[in-house]
Every structure is written in C-alpha cells, then in structure tokens.
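Undergrad: The residues making up each chain are set out below.
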Amino acid sequence: MMAATTHYLDHAATTPMLPAAVATVHAALSEVGNASSLHTSGRRARKQVEDSREQIATALGARPSEVVLTAGGTEGDNLAVKGIYWARRAADPRRRRVLVGAVEHPAVLDAAAWLATHQGAEVELLPVDDGGRLRPGAVAAAIARDPTDVALITCMWANNEVGTVQPVAEVVALANAHGIPVHSDAVQAAGALPVDFGGSGVDALTVSGHKLGGPVGTGALLVRRELDPVPLLHGGGQERDVRSGTLAVASVLGLAVALTHAVEHRAAESARREELRDLVERGVRAAVPDVHTVNAAERLPGIAHLTFDGCDGDALLMLLDARGVECSTGSACSAGVPEPSHVLLAMGRGEAAASGALRISLGRTSNVADVQAFVDAIAPVVERARAAKPTAGPVGRR
Amino acid sequence: MRVLAAMSGGVDSAVAAARAADAGHDVTGVHLALSRSSPALRSGSRGCCSREDADDARRAADVLAIPFYVWDVSERFAADVVDDFVAEYAAGRTPNPCVRCNERIKFAAVLDRALALGFDAVVTGHYARVLNGPYGPELHRAVDDAKDQSYVLAVLRPAQLAGAMFPLGEMVKTDVRAEAARRGLSVAAKPDSHDICFIPDGDTRGFLRRNLGERPGDLVDESGVTVGRHDGSHSFTVGQRRGLRLGTPAADGRPRYVLGIEPVSGTVTVGPRESLATSHVRADGVVWGMGPSRSSFDACVQLRAHGEQLPASITVEANQLTAELERPADGVAAGQTMVAYDGTRVICSGTVSGPPGRMS
Numbered sequence: 001m002m003a004a005t006t007h008y009l010d011h012a013a014t015t016p017m018l019p020a021a022v023a024t025v026h027a028a029l030s031e032v033g034n035a036s037s038l039h040t041s042g043r044r045a046r047k048q049v050e051d052s053r054e055q056i057a058t059a060l061g062a063r064p065s066e067v068v069l070t071a072g073g074t075e076g077d078n079l080a081v082k083g084i085y086w087a088r089r090a091a092d093p094r095r096r097r098v099l100v101g102a103v104e105h106p107a108v109l110d111a112a113a114w115l116a117t118h119q120g121a122e123v124e125l126l127p128v129d130d131g132g133r134l135r136p137g138a139v140a141a142a143i144a145r146d147p148t149d150v151a152l153i154t155c156m157w158a159n160n161e162v163g164t165v166q167p168v169a170e171v172v173a174l175a176n177a178h179g180i181p182v183h184s185d186a187v188q189a190a191g192a193l194p195v196d197f198g199g200s201g202v203d204a205l206t207v208s209g210h211k212l213g214g215p216v217g218t219g220a221l222l223v224r225r226e227l228d229p230v231p232l233l234h235g236g237g238q239e240r241d242v243r244s245g246t247l248a249v250a251s252v253l254g255l256a257v258a259l260t261h262a263v264e265h266r267a268a269e270s271a272r273r274e275e276l277r278d279l280v281e282r283g284v285r286a287a288v289p290d291v292h293t294v295n296a297a298e299r300l301p302g303i304a305h306l307t308f309d310g311c312d313g314d315a316l317l318m319l320l321d322a323r324g325v326e327c328s329t330g331s332a333c334s335a336g337v338p339e340p341s342h343v344l345l346a347m348g349r350g351e352a353a354a355s356g357a358l359r360i361s362l363g364r365t366s367n368v369a370d371v372q373a374f375v376d377a378i379a380p381v382v383e384r385a386r387a388a389k390p391t392a393g394p395v396g397r398r
Numbered sequence: 001m002r003v004l005a006a007m008s009g010g011v012d013s014a015v016a017a018a019r020a021a022d023a024g025h026d027v028t029g030v031h032l033a034l035s036r037s038s039p040a041l042r043s044g045s046r047g048c049c050s051r052e053d054a055d056d057a058r059r060a061a062d063v064l065a066i067p068f069y070v071w072d073v074s075e076r077f078a079a080d081v082v083d084d085f086v087a088e089y090a091a092g093r094t095p096n097p098c099v100r101c102n103e104r105i106k107f108a109a110v111l112d113r114a115l116a117l118g119f120d121a122v123v124t125g126h127y128a129r130v131l132n133g134p135y136g137p138e139l140h141r142a143v144d145d146a147k148d149q150s151y152v153l154a155v156l157r158p159a160q161l162a163g164a165m166f167p168l169g170e171m172v173k174t175d176v177r178a179e180a181a182r183r184g185l186s187v188a189a190k191p192d193s194h195d196i197c198f199i200p201d202g203d204t205r206g207f208l209r210r211n212l213g214e215r216p217g218d219l220v221d222e223s224g225v226t227v228g229r230h231d232g233s234h235s236f237t238v239g240q241r242r243g244l245r246l247g248t249p250a251a252d253g254r255p256r257y258v259l260g261i262e263p264v265s266g267t268v269t270v271g272p273r274e275s276l277a278t279s280h281v282r283a284d285g286v287v288w289g290m291g292p293s294r295s296s297f298d299a300c301v302q303l304r305a306h307g308e309q310l311p312a313s314i315t316v317e318a319n320q321l322t323a324e325l326e327r328p329a330d331g332v333a334a335g336q337t338m339v340a341y342d343g344t345r346v347i348c349s350g351t352v353s354g355p356p357g358r359m360s
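So the sequences go chain by chain: H and L. What the first sequence shows, in the numbering used here, is residues 1 to 398, in sequence order. What the second sequence shows, in the numbering used here, is residues 1 to 360, in sequence order.
Calculated directly from the structure, the hints in this document are not laboratory data. Just so you know, not all the hints are guaranteed correct.
Unchecked claim - According to the in silico footprint, chain H covers these stretches of chain L (three or more CB under 8 Å from chain H):
1) 67–76
2) 115–121
Said to hold, decoys possible - The calculated SDA-like cross-link candidates involving lysine to any residue, where the alpha carbons are at most 25 Å apart (straight line), are:
3) H/K389 - L/K147
4) L/K147 - L/T315
5) H/K389 - L/G118
Think of the CB as a built atom: it goes at the ideal place given N, C-alpha and C, for glycine as much as any other residue.
Turn these sequences into a full structure, and let the hints guide you.
TA: Here it is, written out as structure tokens:
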C-alpha cells in the first residue's frame, strides 16, 4: 500500500539536495571542460574546481591542499584506512595494528577487515559504553601495549545509527603522544556539528556530499600534507597523486555550495533539528512508554534512535512505510536482509533487544508535521508489530 | 484485499504478484531470505536463496510498482525444512522439502506473520487452484497439468488454504512467460529452478555426507546375502539403480534397484525391478481437504512430484491411509507425500510410511 503523502524521516541515509546546489550543478552540466586540460575551457573548469576546493576547505577548517576530492564517503573511508595503513607499514614494517572503533561505519570496518584477511593487518575493535561512545581508556590501553606497531586509529566523529558523538579529541591526544595518525569518518557530523579539521588534530577526515544537501557520488577526504596515503585508484594523479580520475566539475561545485550552506546555517539549523528530535522522543515516550532511547551526553541533533521490545524493526518499517512514514532500522545489508545492528550489539544490547530498532533522522526539509505523522502512527504500529512477532517456535540461531 | 506476494525472484511469482495487483488487490512483495550465510547470498547460486534472486525479485516489484521487503525466515527454514530434510534421510526416508516449506514456512510462519501485520492472504506463483466448494475452499490441480503443483500444496489444511492465493492456477507456463515479457519483467526468460534451493550445486549426496558423515553398512539382496558395502544409507533412495557399486553381480546378470533402507543397521536391500513394484501403499498423518472425511473410497493417487495419477481404492483407519493400487507402482519411497484426487480436487494427503511388510 502506498500512502498519499510521505513523511521522509531518513535524512541520515540521504537528504534532498539544496535547491541552490541543484541549480549550480544543472548550470555546470552544460559546460564543457576537463579540469586537467590546458586550454581555455580546461582552465575555466579548473578554476571552478579550485574555487570549490577553497570553499570546502574553508567550511571544514582545512587548507585547500588538504582536500582530496572523492566519489563519496565509502571511497574516503577506504582511501584513509587502506592508504594510510599501506603508507605507514611501508615506512616501518612493524606497524601492523589498526585500532578501530567497534561502532564504525561498514566502509571503515570492512576496509579494516579486508586489511586483516589480505594484508597482514591486526585489527583491534575498540569497545564502546552503553551509549555507543568509545571508551578512551580502552584506546589508551590498546596503544600502550605497543605504541610502535600501531599503523593508525580510526574513530568516527558521530555515529550514523544512534547519533552518539565520539571522543575524537581524546583519541587524538592519546595518539599524538606516539605520532600515530588518526582518521575520523565525519560523514554524519559535517554540517551538523562544528567540524574543524585543523583544530581537531585528526590527520584524515571523511565527508560525503549527499548527506548534507550535495549530490550523491561526491565527497572529500581531508588529509594532512605530511601524510601520503597509498592510492586506491591509479591513473592521471589528478588529486595530488593520491586519487586519480577526471574530476566531476558540476558535482564538485554542488558539493561546495551545499557544504558551505550547511556550515553557515549550522547553529540555527541544528538547534531546530534538536527540537524536532526531542519532539520525536517525547511523543514516542508518551505513546509507547517502554521505548528505549540512546543514553549519551552528546548526540547528533537530527537522529532519534528508538528500540521497542518484542518486535522486529523490519515489521515496524514496513507498517510505517504503508502509512507514508519513511525511516530506517539503522542497519541493513545490501540484499535487504535485516541484520542485528553491530552498533547495538557493541553497546551491549542483546540480539533480541537489538531487533526492534528504528532510526528517525531529520534534515533541512523536516518539519513538525513529519514528526507528528510519525508520533501519531507509532503506537498502533508497535502494537501490530508485536502481535506479528512469533513467541513460540525454534529460535536456533539467536 | 491486502495481500502479501512471496516473490522468489522467478518468473512465476512475479506474474502472480502482477495478476493479484490487476485483480484490484493491494499487493506488497516480500522475498523470503531462507539462508543468511553470505556465501549463499553472494555466490550467484541457482537456488532461491541467492542474492541474485533477491535482486531479481526486487526489480520485478519495482517494475510492478509495488512495495517490496525482504523477510528473514532463515531460522525457521533451517529448523523446519533443512534439519527435517537431513533427519528424514537419516531415518531412511526420502523427504520432499518443498512440501515442508509450504506446510511450515510459506503458509505457516509467513502467513501467520502476514495476517498479524494486517494482510488478508499470501500470494504465490504455484500452479494450483483454490476453488470455493460447498464446504469451503478446495485445492484443485492447475489447468496446466504438466506444471501442476497441487501435490506439494496438498498438505495445507483448510485454514491455510483460506489464506492462500494462486493466481497462476488457470494459466499455462508459456503464457506466463509471455505475460512477463509483455509487462517488461526481465525474469521472463529466466530458467526454471529444478534443484533443491538449499543445495544449489545439486549434489544432494554430498550435502547429506557433510551433514550426516559416513555411516558404512551392507548392501544385501532379498535373501539377506551381502552383495556390497556402502558409506551411508542416506545416499540411497528407493528405486535407485545407479551408483550402487555392487561387488557381487546378480545371478541373472540383470540390473538391481534399491528396494528398502533400514536406517538403524544401515542395511540397504537391493533386488530386481519386479520387487520394486508394490500395490499397497500406506501413508500417515492424514490431512483432509474441505468436506466430510470418509473411511473408504476410490480415487487417483499421486506418489511423487509430477508423478502419474494411479487409480486406487483407499481405506482410512486411525489417521492412516492405505491405497490398493489398480496397477503396481515402482519405487514408492517412504517420506514422500501421497495425494488422493477426485478429478482435479485434492481429497486428502498423507506421508508415505511404506508398503505393508517392507519399509519402516
């Protein structure tokens, strides 16, 4: 069943493009010019790319030369994790350990796991507390075991499922003492929290365009000049020899427009989203008093993570979808088979408790009507989903 | 009605979903994930658990403009179908996993969940018909008799049938493919699946060996003389001729067949084709279609999927069917389903326990 109106509450998956970014991309798509070409059209394209690079750098507190343009968050995370591991290990073969937060995005976790199975890396998952926040003590202990063999530490800025902000500054302080580089996946944080690359002390930082109003297939990895990640993509060396491929001029322009807008309006917009998020949580608590929310001091303004005992998240999602309310269970493999969230498991929730999860994520276009539609729907939806959860029968694998 | 279309990724279930939508129903598609292990999801295997099939199902749903989700029924499937399959072979029987899947997954776990979530029925691409009879919904053979699947659905109880919808029952397969092509469904030319879906490489013996290990035993002739050794009785099926690897040739030099399997001792009895023939077949666990149950009647029985219809007179006693076949049948295997038909209508079904005196 498809409802007449839809309330899109899945902005952490992707969010509508900013109209100004659409207009910029649209206009630029008609222009010819390879930013690597030497003639007039090429130089015009190059100037547009470099203007955008400066805007991106300014928005994120980086120098333009630190901006490596990518095709999105997954590429940025892979380039950082693999590229820095290879570079650090080439400089000193003892550096085999990769310290990874247990609640990282799959683009980080799977890249690290691949290094472990194919490149001789030793990956250590760093534990989080019950709010999903990395335990700095565990980071310190992992480093202290042997600071000389750590290739890199990767710690996301804020979690994409539960919204918990991570102790990046503490991790940087611990790593700096031993000259260990730190990568941070800031895909959800950029535009929502004050992200200052230079001030943060991290050595590499991933951002993605389509999470903040830019086009899909754009992003950047900010990398300090001293760090030369080994490339994933070899070829023309367009991005300071770290990344090859003809630059998508129109998309880069759209990314710069959207990122600049998001950062300029961040304070007011984040306050607005936080109010909507609190409205979601208050409304759901009133409708379904035994709902579980996330207990963390610092959270992303636009993510409300909810779990309901005794039902499956995919049933909740389907029932809400039929009522025109679109949200996420927070995690899914690409085949669409719901998997228990690795984030919730790392937070110490059992598989049964992790199964009834919903992520409501708010964006620039979200409003009170969207929130109200969700709040109005949730009680009957939870009731129905609970009725559909078999209480008897074999539960062999859980 | 609000209906849930189980979409395997094949052409039949895609057209079934389309026809349900055309009939004015509010259709939601689901692909049932039967295995969660990533190899099965990623290897592009031919079975219905492959990632490719899930993608094909999603694509068909998108083309039909119906909502689509994936339901994970892997736990139930492992326990109720795969484990049952292995246990049945271990017990010397020849199970039909599609029957179990219909009985316990599609029209039990999935139907129950669908009803609880507010749907009225489950739609599948089975070739069979549900017709309203004087006593309620009746299961009938499909119009396309060569594709008929009422045999694997006969185990459904009336309450399950009431929640089932088979839009392809009136169609022939060639028309289904043509209709899929006309609707722009890319699965129109996708080959039919023939293997057991959880054994995508088709190597049932290898699958059983991995699950049951080697259980050596004797091959004996009808007089009890040992004529060979084997690695496990689960590698055999009643009626099998190939792969017996008999050390001692038959006195008359004629081919021999598996006549019976005794799982406890692992003894496999072999003999000439004539000894395979049986006129008496017994079946347990009778499930009646709608209508009064009877103690004796004439009917046509079917003893294996896509098997022929055999005229028989049937007696029923204490939840057990005994069929006296008009002409003897070969290779009746315990564990298969016996379905009794009155014309196209399913009267009842049961699980073959054996011809009196030999098996079980």
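Undergrad: If a hint holds in the structure, say so; if it does not, say that too.
TA: Hint-by-hint comparison with the structure:
Under the rule that three or more residues need a Cβ within less than 8 Å of chain H, the assignment of the stretch 67–76 of chain L holds, with 8 such residues. Counting residues of the stretch 115–121 of chain L whose CB falls under 8 Å from any CB of chain H gives 3; the rule of at least 3 is met. For the suggested pair H/K389 and L/K147, the alpha carbons sit about 35 Å apart, so the restraint of at most 25 Å is broken. This hinted pair does not check out: L/K147 and L/T315 have alpha carbons roughly 29 Å apart, beyond 25 Å.
Straight-line distance between C-alpha atoms of H/K389 and L/G118 comes to about 13 Å, which keeps the hinted pair within the 25 Å bound.
Figure legend: structure checked against the earlier numbered hints; hints not met, in rising order: 3 and 4.
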